[in-house]
Amino acid sequence: MIQKKICMVGTFGVGKTSLVARFVRSIFSDKYHTTIGVKIDKKQLVVEGQEVTLMLWDLAGEDAVTQVRPAHLRGAAGYILVADGTRSATLDAAIDLRERVAAELGDVPFIFVINKADLREEWQVTDASLESLSQRDWSYLLASAKTGEKVEQLFLDLAGRILKPAHGGPASALDAANA
Amino acid sequence: MSSIPRQDELAPAPGANGDGDSAEVRYSQLRELIVGPELAKLDAIKLRLDDPQARAEDLSKSIAEAVGIRARQDRKLQVALQPLIEEALRISVARDPAMLATSLFPIIGEAVRKAVAKALRGSFDSLNQMLDRSVSFEAWRWRLEAWRSGKSFGEIALTRSVGYRVEQVFLIHRETGLLIQYAAASQGVVADTDLISGMLTAIQDFVRDSFGVKKSDELEVMEVGEFKLWLQHGPLVLLASVVSGLPPPELRQVFEREIEAIHARFGPQLQAFDGDPAPLAGVSANLQRCLLGRKEAKEAGKSHKFAYVLAALALLLMVLLGLRIRDNRRWTAYVQNLRSEPGIVVTDAQRRWTSYSVNGLRDPLAPDPKELLTAYSIPPEKVAAHWEPYLSLDPKFSATRKVELLRDSVNKQVLRFEVNSAQLRTDQFGMLDIIADQITQLQRAALADGQKAVIEVYGHADRTGQEDRNTMLSQGRAETVARMLHQRGIPSDLLAPAGRGTLDPEHESGDYPSELDRRVTFRVITSPAVAAQ
Numbered sequence: 305m306i307q308k309k310i311c312m313v314g315t316f317g318v319g320k321t322s323l324v325a326r327f328v329r330s331i332f333s334d335k336y337h338t339t340i341g342v343k344i345d346k347k348q349l350v351v352e353g354q355e356v357t358l359m360l361w362d363l364a365g366e367d368a369v370t371q372v373r374p375a376h377l378r379g380a381a382g383y384i385l386v387a388d389g390t391r392s393a394t395l396d397a398a399i400d401l402r403e404r405v406a407a408e409l410g411d412v413p414f415i416f417v418i419n420k421a422d423l424r425e426e427w428q429v430t431d432a433s434l435e436s437l438s439q440r441d442w443s444y445l446l447a448s449a450k451t452g453e454k455v456e457q458l459f460l461d462l463a464g465r466i467l468k469p470a471h472g473g474p475a476s477a478l479d480a481a482n483a
Numbered sequence: 023m024s025s026i027p028r029q030d031e032l033a034p035a036p037g038a039n040g041d042g043d044s045a046e047v048r049y050s051q052l053r054e055l056i057v058g059p060e061l062a063k064l065d066a067i068k069l070r071l072d073d074p075q076a077r078a079e080d081l082s083k084s085i086a087e088a089v090g091i092r093a094r095q096d097r098k099l100q101v102a103l104q105p106l107i108e109e110a111l112r113i114s115v116a117r118d119p120a121m122l123a124t125s126l127f128p129i130i131g132e133a134v135r136k137a138v139a140k141a142l143r144g145s146f147d148s149l150n151q152m153l154d155r156s157v158s159f160e161a162w163r164w165r166l167e168a169w170r171s172g173k174s175f176g177e178i179a180l181t182r183s184v185g186y187r188v189e190q191v192f193l194i195h196r197e198t199g200l201l202i203q204y205a206a207a208s209q210g211v212v213a214d215t216d217l218i219s220g221m222l223t224a225i226q227d228f229v230r231d232s233f234g235v236k237k238s239d240e241l242e243v244m245e246v247g248e249f250k251l252w253l254q255h256g257p258l259v260l261l262a263s264v265v266s267g268l269p270p271p272e273l274r275q276v277f278e279r280e281i282e283a284i285h286a287r288f289g290p291q292l293q294a295f296d297g298d299p300a301p302l303a304g305v306s307a308n309l310q311r312c313l314l315g316r317k318e319a320k321e322a323g324k325s326h327k328f329a330y331v332l333a334a335l336a337l338l339l340m341v342l343l344g345l346r347i348r349d350n351r352r353w354t355a356y357v358q359n360l361r362s363e364p365g366i367v368v369t370d371a372q373r374r375w376t377s378y379s380v381n382g383l384r385d386p387l388a389p390d391p392k393e394l395l396t397a398y399s400i401p402p403e404k405v406a407a408h409w410e411p412y413l414s415l416d417p418k419f420s421a422t423r424k425v426e427l428l429r430d431s432v433n434k435q436v437l438r439f440e441v442n443s444a445q446l447r448t449d450q451f452g453m454l455d456i457i458a459d460q461i462t463q464l465q466r467a468a469l470a471d472g473q474k475a476v477i478e479v480y481g482h483a484d485r486t487g488q489e490d491r492n493t494m495l496s497q498g499r500a501e502t503v504a505r506m507l508h509q510r511g512i513p514s515d516l517l518a519p520a521g522r523g524t525l526d527p528e529h530e531s532g533d534y535p536s537e538l539d540r541r542v543t544f545r546v547i548t549s550p551a552v553a554a555q
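In order, the protein sequences belong to chains A and B.
As numbered in the working numbering, residues 305 to 483 make up the first sequence, in order.
As numbered in the working numbering, residues 23 to 555 make up the second sequence, in order.
Because the hints were derived from the structure by calculation, they are not lab data.
Yeah, the Cβ is synthetic: ideal placement off N, Cα and C, and Gly gets one too.
One or more hints might be untrue.
Stated by the list, open to error - Which chain A residues face chain B? A few, computed with CB under 8 Å, are given here: (1) Val342; (2) Arg378; (3) Trp427.
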């Protein structure tokens with residue numbers, strides 16, 4: 305069966321682990337983050353009739369002292385940038401992080417996720433900032449690890465784009481979903 | 023002349039000799055007007071193509087990119103360049119070895135150090151096993167087998183060694199940490215192979231980061247309980263093996279050999295690996311070859327057996343020690359008892375390895391030391407005893423002795439009778455008085471010694487006359503004496519008269535005066551006075 309490595313990256317506390325936990329049942333404890341800096345889970349999907357195993361590398365969240373280890377990114381077929389809608393700084397951090405990840409991985413598919421869609425009224429991230437993501441031709445999703453909203457779709461979409469080599473440009477399906 | 027009018031047609035302008043020329047000039051002018059710039063460009067291109075210098079300059083602008091693009095497409099460029107590079111290196115070394123040496127200098131020390139360290143570690147690892155093997159019978163059998171079959175000792179050791187087993191083998195893509203192939207001899211050591219592959223890769227990074235070691239240093243062994251995780255690092259893949267028991271050092275060489283074989287055979291596929299293991303299905307043969315060993319837990323069993331034997335021995339020793347202590351106590355108590363017994367003097371008592379000996383003096387009236395043994399559970403046959411007889415002055419014995427003395431004298435007394443008469447002869451009256459006196463003393467002494475003495479009075483008759491008459495006569499004689507003794511103060515319940523007829527003649531045979539048989543005799547029966555009390 306085809307396997308693909310996917311990295312979850314983002315600032316500390318944006319909900320990467322919660323998104324993964326929504327998606328799979330973990331066998332490793334969250335302690336792995338603080339000890340070895342990454343926790344790996346796997347999920348088997350069927351994308352357009354093709355079975356694929358996603359190896360989800362949930363990297364420790366970045367903060368003032370912890371930086372994403374390039375070694376952990378190596379070989380990823382795609383990645384998920386996670387930001388927290390209630391903290392606009394996390395969006396900027398994610399955009400900044402994308403630069404570094406892209407430098408390491410090159411042009412591989414990725415999806416921008418703004419988490420905590422269930423707290424929409426507390427959001428700091430404005431529509432204008434979301435618009436700027438669209439202008440960069442980046443596909444993004446508003447998801448909620450708490451309610452599970454769009455979580456499944458997030459991984460399915462990324463898997464779909466990874467399996468289709470000609471992924472260029474924003475995914476129209478995502479735009480439709482966000483509309 | 024036909025050509026001239028044609029010329030006229032072509033060059034309509036009449037006039038001078040230069041008519042033809044002018045047409046050509048004009049044609050070239052026209053051409054110049056229409057394709058002039060292109061011609062100039064063509065010339066420039068021609069110049070660039072013809073001039074090697076210019077062409078080289080051109081190529082220099084794109085050659086790096088071209089090489090990069092081609093290298094990504096396939097490996098033909100590398101293959102094509104390989105002889106060149108080799109040749110170039112050879113020339114370089116031939117011309118000036120110092121230059122290459124200088125370039126290699128910073129890394130060569132490191133490389134040598136690493137190689138030496140690895141080799142040393144390998145030999146230390148196997149030191150124990152080497153020692154083991156140099157003395158064990160099994161190893162010598164293997165050596166013999168290796169010599170006979172022409173195989174190396176290592177090969178034989180690998181296949182014959184019990185006590186280890188390669189449980190699982192993972193081939194992991196180094197860059198992505200994805201599991202390429204997996205082979206297992208058993209179930210269940212590592213449950214989720216995909217996840218473990220990923221985590222193994224992550225842990226490598228973690229170890230490298232945490233210990234600040236160089237990128238080239240790798241995690242090679244992990245031990246979890248009875249399992250060892252051996253990691254063999256290739257440039258593209260990682261071979262992780264879960265081994266149980268005590269693997270021989272040769273096993274590592276097997277893994278190294280297989281990972282090299284995998285790289286050699288599947289290099290391009292490994293380079294292009296994108297998560298699809300299908301093109302690499304062939305590696306499973308390599309992995310299967312790694313699943314060596316058959317663990318029958320012999321080593322563990324041996325050590326357990328040894329422990330059991332040891333425990334049993336210890337237990338046995340303790341039991342023996344306990345028994346000996348118990349026997350000692352019994353013996354000491356026995357000897358103690360002997361010493362406190364009146365009429366026994368212990369002069370020497372010894373406990374030997376398996377037997378006992380005791381020496382001393384013993385009054386014949388004292389209890390038999392042999393009989394006392396049973397009270398202490400000491401087997402009499404193990405005791406060598408020597409008792410010198412002596413007379414104790416203990417008061418206990420004086421009473422007993424007196425009873426015995428009196429008993430013996432009473433037993434010897436005889437009273438005589440006339441023929442056919444139950445009347446005691448008058449000359450026997452004095453003797454009767456003496457006997458009565460002795461019996462009285464005997465009774466008294468017996469009482470003092472806690473005994474009761476019953477005197478059986480036997481009447482006898484001579485062998486003349488009828489049997490019935492004799493019996494009656496003897497009975498009469500016994501009763502006469504009993505009555506007379508009673509008259510002299512002996513309680514009648516202590517006197518038991520009995521007629522013996524002619525059963526007990528004075529002498530068994532021969533001629534003797536028959537008057538000797540006409541008599542009364544006594545037998546004293548003593549018994550402990552318990553019943554009387």
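Hint check:
no.	hint	verdict
1	Val342	holds (5 Å)
2	Arg378	holds (5 Å)
3	Trp427	violated (33 Å)
Consistency with the previously given hints fails for number 3 only.
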